[in-house]
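A.B. asks: Construct all of the structure, not just a fragment, from the sequences and the given hints.
As you go down the protein sequences, you meet chains W and G in turn.
Residue 1 is where the first sequence starts when you use this note's numbering, and the numbers rise one by one after that.
Residue 1001 is where the second sequence starts when you use this note's numbering, and the numbers rise one by one after that.
Worth flagging that the hints you see were computed from the coordinates, not collected in a lab.
Watch out, some of these pointers could steer you wrong.
[Unchecked claim] Here chain W is said to cover these stretches of chain G; the calculated rule only asks that three of the stretch's residues, wherever they fall, bring their Cβ under 8 Å from a Cβ of chain W:
(1) 1019-1029
(2) 1126-1139
(3) 1270-1276
(4) 1288-1302
[Claimed, not checked] In the SDA-like style, the derived pairs of lysine to any residue whose C-alpha atoms are separated by at most 20 Å in a straight line are:
(5) W:LYS25 - W:HIS289
(6) W:LYS127 - G:LYS1278
(7) G:LYS1278 - W:LEU150
(8) W:LYS124 - G:LEU1011
(9) W:LYS127 - G:PHE1013
(10) G:LYS1212 - G:VAL1230
What you are looking at is a predicted structure, and each value in this text was computed from that prediction instead of being measured.
Even for Gly, the Cβ is constructed at its ideal location relative to N, Cα and C.
Listed below are the residues making up each chain.
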Amino acid sequence: MLINNEFNEEKIQSPLQYIWALFKKNNFAVFAMWVSILLVVIVLLADVIVLHSPFVQYPEHLLLPPYWIEGGTTEHIFGTDDLGRDALARLIKGFQYTFGGALLITCLISLIGAVIGATAALTKGIKASILHHLLDALLTIPTLLIALILIVLFGTSYQNCLIAVSLSLLPQFVRGIYLAIVSQLSKQHIIALRLDGATNIRLLRFGIFPNILEPLVTLINQIFTMAILEIATLGFLGFGTQSPDIELGRLIADNIELSFLSPWLIILPGLLIFLTIMIVNIFTEGLRHAIIQGED
Amino acid sequence: MLNYLFRRLNLLFFTAFALSIFAFMLALWSSSELTANNGNYVMLYAQYMMDILQGQWGASIINQQSHMVNGLIAFSSTLELCLVALLTSIIIGIPLGIFAGLYRNGVLDYTIMSIALIGLALPAFWLAIITMMLPVSFALALPIDGDISPLYEVPNITGFQLIDSLFAIELYGLDAFFDRLAHLILPAVVLSFFLSSEIIRLTRHSISLVMKSNYIKAANTKGLSVLQIVFRHVLKNALPPIIPLLRLQLNTIISIAMAIEIVFSSHGAGVWLFASIKGSDYAALPAAVIIISGFILLSSIIIDILQMLISPTTRRILYADK
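C.D. replies: See below:
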C-alpha cells in the first residue's frame, strides 16, 4: 500500500505497518489491546498495587459484601471472605497466578510447538511419521486425564499443574501449526524458493512464516484461552496451587460453601476469568481481521 | 477406497500401540505385582496386553470390583451426558450458525457470534456452580446433584441410565426415566453452552465459505429463493466439513464433561477418577487411558470412514493425487 508522509513522497509500507494501520481503525480491538496490556502490568505488579495483603485477616470485618451493597465499606471494595481477608487483594493475587501461568505456558508452547511442528512438516520419512503418530496418540487422551496422570506421577504443586497443562495443550498446537505449514508447502512461491536452493530455515522465515500469520494468531489465542480455563479447572479440583498460594479456580473452590451466604465471592473470580478471556479474544480477533484484510 | 481403509487401520494400529505402551508404563508404575518378573519388559508387556484383552484389569481397592466394570459404568454415564448435550446443541447451534453465516456482518450475525464467544469464554465448572444456585434462587424443582434419585434401583444393563430406566418400566413406570432426565438437565445445559457455541462457530465459518463460491452466485442469478438455495446447495456442501472439526474437539468435550460431573457429583468418569486418586487407587489411571482414549480413537476413525462414505467432496482425495 502506498502512503504519503510529510515529505510528500510515495512510500511502500511494510506488511506489518499495513496490518498495524488496519488494526488501528478497529476501536474495539485497540481498546482490548490496551486493557490486555494493563492486565499484564497488573500481573507483573500484583504485589505492589494491592491495598491490603491478601493473607492478612481482619477479624472485625467478616464476610463483608462489596461496597455497592448495603453494609459494605469502601475500605474493602469487593468485601471480605469468611476469615476477613480482603477479596480484591485475593482476586488480584489469584489472577497473577492464573493469568501469569497462562502467559508463560503460551510462550513456551509457541516456541516448542513451532519447532516440533516445523520439523514434522519439513522432514520426510521415519522422523516425521514418529512425530505424527506420537502426537496422534497424545491427542486422543483428554486434557483433564493427562493433567491428572502427570499430577499423580509428580505430585501436586503449581509447577506440576503448569507442566501438565502445557503437555496437554502442546499436541493441539503442534497439530495446528503442522497443518498450516503443510498447506503452504505446495504453493508455487515456496517451490520457487526451494528451487533457488533456500535452506529450510530461510524457507520458514521468508516463505512460510509471513503467510501463516493468521492461523498462528488464531492458534495462540486458542491455546491461551484453553490454558486459562485449564489452570483454573485444575486449581478448582485442588490439583493446582497449594495453600497459602491462591489461584482463581482455587478461590472459587475455597468459597463454595459460602455460595448462598455471599455469592459474590464465587461470582467475582469466575467473572474475572470470563472478562480476561473475552478481552484477549476481542484483541486477537481484531488482529486476525487486520491480517486477513492485509493479505487481500 | 480399500487403500484408504488400509491406511486408516494402519494409523489405528500404530496409535493404539503407542497408547497401550503408555498405559503399560502407567500400570508398571502404579502396581507392584507387575514388576516381579526379572526385568524382561517385552514379556511383561505381552502378558499385560493378554490380561487386558481377556478382561482381567485388576480389582479396585475401593470397592473390590474390576477396574473394567467400574470404568465402563462411569464412562457410559459421561457419554450419556455428552450425547444429550450434543443433541441439544445440534438443535440449537446449527440453525443459529446457518443464520449467522447467511447474513454475515449483519446485526443478527454479531448478536449470535457474541453469544458464541461468551459461551467459549465461560469456565465450565464456574457455570456449573452458578446453575446449581439457580433452582434454589428461583424455586425450580430440579435436582442439583447425583445421577438418579436413590428411590429407584435401576438395574445396570447398557450403562446408559436413560435406557436402563426404560428397561425397569414395569417396576417404576416412567418415573425413573423422568427422574433421570431431570438429573441430566442442569449438567447438559452447562455442557451444551460450550458445545453449541463451538457448533455455531464452525457452522458459520463453513456456511460463509460456501456462500462465497461461484455456484451460489449462479443459483442466485437463476432466481432461486434463499430457502431453496439453502436447502438445495448450501447445507449439502457446508455441513459435512463440520464433522471432522468437531471430532478434533472430542477430547475437550469429554474433559469438560468430566469437570462438570465432578461439580454435580454424578457418577461419571470424572468422579470415578477423582475418587480413585483421592483413595490412592492409581491402577484406575491406565484403565481410564484405555477406556477413554480407546473410545476417542475408535470413534474418530469410524467418523473418518463414515465421512468418506457420505461426502463426495472428501472422497475426491482418494482419486486425485494432490
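A.B. asks: So, for every hint listed, does it hold in this structure?
C.D. replies: Hints, verified against the model:
1. 1019-1029: It holds, with 4 qualifying residues against the three required.
2. 1126-1139: holds (count 7)
3. 1270-1276: This one holds; 3 residues, not fewer than the three required, reach chain W with a Cβ under 8 Å.
4. 1288-1302: holds (count 7)
5. W:LYS25 - W:HIS289: holds, 11 Å
6. W:LYS127 - G:LYS1278: violated, 40 Å
7. G:LYS1278 - W:LEU150: Measuring from Cα to Cα gives roughly 15 Å; hence the hint holds.
8. W:LYS124 - G:LEU1011: holds, 17 Å
9. W:LYS127 - G:PHE1013: It holds: about 18 Å lies between the C-alpha atoms, which stays within 20 Å.
10. G:LYS1212 - G:VAL1230: holds, 13 Å
Violated hints amount to a single one, hint 6; each of the other numbered hints is respected by the structure.
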